[in-house]
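Put together the whole structure using the sequences plus the hints.
Number of protein chains: 2
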Amino acid sequence: MSGSLMQGPLLISDLLTHAETFHSHGEIVSRTVEGPIHRYTYKDASQRAKQLANLLESLGVQHGDRVASLAWNGYRHYELYFAVSGMGAIMHTINPRLFPEQIEYILQHAEDKLLCVDLSFLPIVQRLLPQLPHLERIIVLTDDAHMPADAQQTLSKGNHPPICYESELAKHNAEYEWPRFSDDAGAVLCYTSGTTGKPKGVLYSHRSQILHAYASVQPDAMNLSSHSCVLPVVPMFHVSAWGVPYSCTLTGAKMVFPGARMDGAALAELIEDEKADFLLGVPTVWLGLLDYLRQNDKKLHTVQRVVVGGSAAPLAMIKEFQEVHDVFLIHAWGMTEMSPLGTLCTPTARLLSLPLDQRYQYQRKQGRPVFGVALKIVDAKGEALPHDGSTFGRLMVKGPWVIERYYRSDASALENGWFDTGDVATIDPEGYMQIVDRTKDVIKSGGEWISSIELENIAVGHPDVQEACVVGVPHPKWDERPLLLVIAKPNHQPTRESLLQYFEGKVAKWWIPDDAIVVKELPHTATGKLLKISVRETHQKHYL
Amino acid sequence: MSGSLMQGPLLISDLLTHAETFHSHGEIVSRTVEGPIHRYTYKDASQRAKQLANLLESLGVQHGDRVASLAWNGYRHYELYFAVSGMGAIMHTINPRLFPEQIEYILQHAEDKLLCVDLSFLPIVQRLLPQLPHLERIIVLTDDAHMPADAQQTLSKGNHPPICYESELAKHNAEYEWPRFSDDAGAVLCYTSGTTGKPKGVLYSHRSQILHAYASVQPDAMNLSSHSCVLPVVPMFHVSAWGVPYSCTLTGAKMVFPGARMDGAALAELIEDEKADFLLGVPTVWLGLLDYLRQNDKKLHTVQRVVVGGSAAPLAMIKEFQEVHDVFLIHAWGMTEMSPLGTLCTPTARLLSLPLDQRYQYQRKQGRPVFGVALKIVDAKGEALPHDGSTFGRLMVKGPWVIERYYRSDASALENGWFDTGDVATIDPEGYMQIVDRTKDVIKSGGEWISSIELENIAVGHPDVQEACVVGVPHPKWDERPLLLVIAKPNHQPTRESLLQYFEGKVAKWWIPDDAIVVKELPHTATGKLLKISVRETHQKHYL
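Sequences listed follow chains A and B, in order. Residue 1107 is where the first sequence starts when you use the working numbering, and the numbers rise one by one after that. Residue 1107 is where the second sequence starts when you use the working numbering, and the numbers rise one by one after that.
The list makes no distinction among identical chains, and a pair is therefore deemed to hold if it is satisfied within one copy or across any two copies.
Capping the alpha-carbon separation at 25 Å, the derived lysine to any residue pairs in SDA-like fashion look like this:
| # | residue 1 | residue 2 |
| --- | --- | --- |
| 1 | K1304 | P1202 |
| 2 | K1504 | E1283 |
| 3 | K1381 | T1454 |
| 4 | K1504 | S1288 |
| 5 | K1638 | Q1607 |
Don't read these hints as lab results, they were simulated from the structure.
What follows is the structure, encoded as structure tokens:
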């Protein structure tokens, strides 16, 4: 017996219609690539998104077509988000920080029809353009005055000259009715960064994006409302800036887009000018901001919370935000395959009531899942492990915004209905999850697991150590044993003995690496992560 | 092209599984019909809901079967909510305040299989039992010690003796796996109070209840989180206590159930003891609480917000909560046909920044819709009217938790895809909606509309008037004209002239009633509302 309520689809266009109607004065502020600050309202954005939908329709964009972007966080990118998905096409955001060959692969694999590009990224496009058979046209996200002089020569595709976004938009009116269709339709496409192997696409649906937005705005997640002022430094070119453009629109929150400038000085100025109270980004960005503030003896006055994701925030960062700026750092965890939101460690009354030192121990955790994400830790055989805060397990997830299969793949990405995140984690009795390691990096010693990350975190506390890397390498008796590699601080010369002794009393004896080597350099990925696979290869015979 | 994410259903059982796993210590506190306070956790509740599902299964309850309740807000009712819907049956809450013949009609119409009853309501059941052919059994929501001595005689149905909830529950274990099924399946059934005509059923689905819960918990709605402490005085026997049992479970909030005692003293004690910070109920309940607090010179110390729905809160109540207790009164509006949430008038930064007098003008409004509810005002022909804060229109709604058709009816309840709420409202440029009148009560004079409620609100300010009623009655020239009827205060004798003069300067001249009559009494419905239809009938020839 089915319910007697309306069964209409959950569509992304509804978000903007709602904001236009009930939060028409809500502001969207953007630092532009061209220079000045741009400022308008949800009502203006909605009008322009409709003009854009008419423009895209005139270019032949149809339901299900992919429209790609290489763009910063800004109002034109925001208009693309809503116009492309709203009309039933697929908004395909591309990460310009990938290697050019990865970008080329992605554009080929997705068969994008149009590519919308900020001025900053034209050189990449000019280089790749000849290799992209499916691409029909380039749209340059600027006005007439800023179109490059050689655009016709360098950005034409076949007999299609590039389009100037503003000039063409102005030719279309804002009479447009957003179509209704199944909310299972693809809305947004994002490829994983692909540190190993080719990038893989994840196609988010309208339903998943709306549910994700509902889950995101709740007080124990991002706590967004019509009186929030949100600065997403996390890029719209990867996992939809953690869904912020949707969740802000759902609530009518003010949004502040930083454009291409994400250095400490630029961010501090924007935060102060616009009175941002909620920031989101990866640790590197906040290191830059905190450095700038420290060096210039400045403080954050309006910010209440900073969400940190992408990788773990160091304890020093949690402390500096709290003790210098009175800002609560919220650890969040998720991944491209999860749209991306999984867990957050938010300032509950209980956490706020703890002495700071105890509170920080919680704040280092990735937190509790929002409703919609089911989460468990399992052993090698897939058996659920206890929530005791110390047992390690493979972290498995499921839910309506978790991947089932990669884009254009028929193979299920699941194991018994759950997605294996590739992370190893603990869950404590109160439900707080903490990432311990990546599954491929955790060290399997005598049937037990050792966290390479925890050992590295300890090693970097050694007075002579600048950077540390711990890998598990084959061992005749224990399968694997940890090996420590360090880069010394300039003019320091740590000994093997002092490095190994440094672990004593800090971890169980059997966790302590069997050997330590001082090296000149360590291999890193394009995005700055340690390339442990290569370290393991180099040292695979170390204990044999 | 469909998305590549999981497409599993949104099920009510997932809420409790989530709370059990990640908010296992979250508390549910109940004042019981038997007397003492009962206290347990989401984890306990989840275990007992599973025992209950096993018990219901042993009684032959199947997917889609209706299981009815006549019960107060309490933990056993909560367990029923999750066990019945969770197993795929339909939780049918019945309002014990309806007339016995309405309750009988509802039980017959829904063909309920089981009826679960608090001790307080056994007399109703004993009376109706012979007339209910579909009903198989009564479950008495109590323990062995409190089973009535004559239960076997008075509560058996056919050869089925009544079941004692606690004794029977204890016989079943908590091994139960919630089934997965389409989230369009019916989950909860509620009948309208039916002031005119027979009560009509609205069957909420799993999907609608989950979406409604997501929308409810956001900061600009009920602002619920794991550190909330919520006291729903609004009854679980009508429109699921505004969805609070679901939304609290979604977030892990502490819930406090008042049981059968909703007088001021009982509520004040419970609020103080449990440190409730968020209350929900109808104006009458808060009048009782405020009276008690005033007379006993007490203050609310822990409460931050009170949600008022059902009917409009008087200005004096908004002021008393704010100025005496530092509590923000949130007007909410919705209806059985809307699950029920439509709009809320929440404490935004902008409202909080206004001088109190201006702020109160906003607080009298019903507020802005949450995302998910689309809302418009239209004229008689269905044309949309402007959001200028003064134009009246019929209030139309749509969305995934708005009715499409009544239970067991094939007829659409919609007009061009929208549900006509039967209310007349204005919407201001910032999106705030205010109910002006009921469509059937608004006075149509010379093609323009006059609010009977606004005239009544003015008339009760007259020093001689105790109660006022304004109706539109037929008029040879203007179609309808307003007629004022008043009950005088004891020992007061208002004249016709003074009554009519009292409107001058307070409304447009053409709004002023053409005549005023002092009467001894006015007709009311069972729930205390003015029965204007009867007043209109009595006086239909007044201007002819």
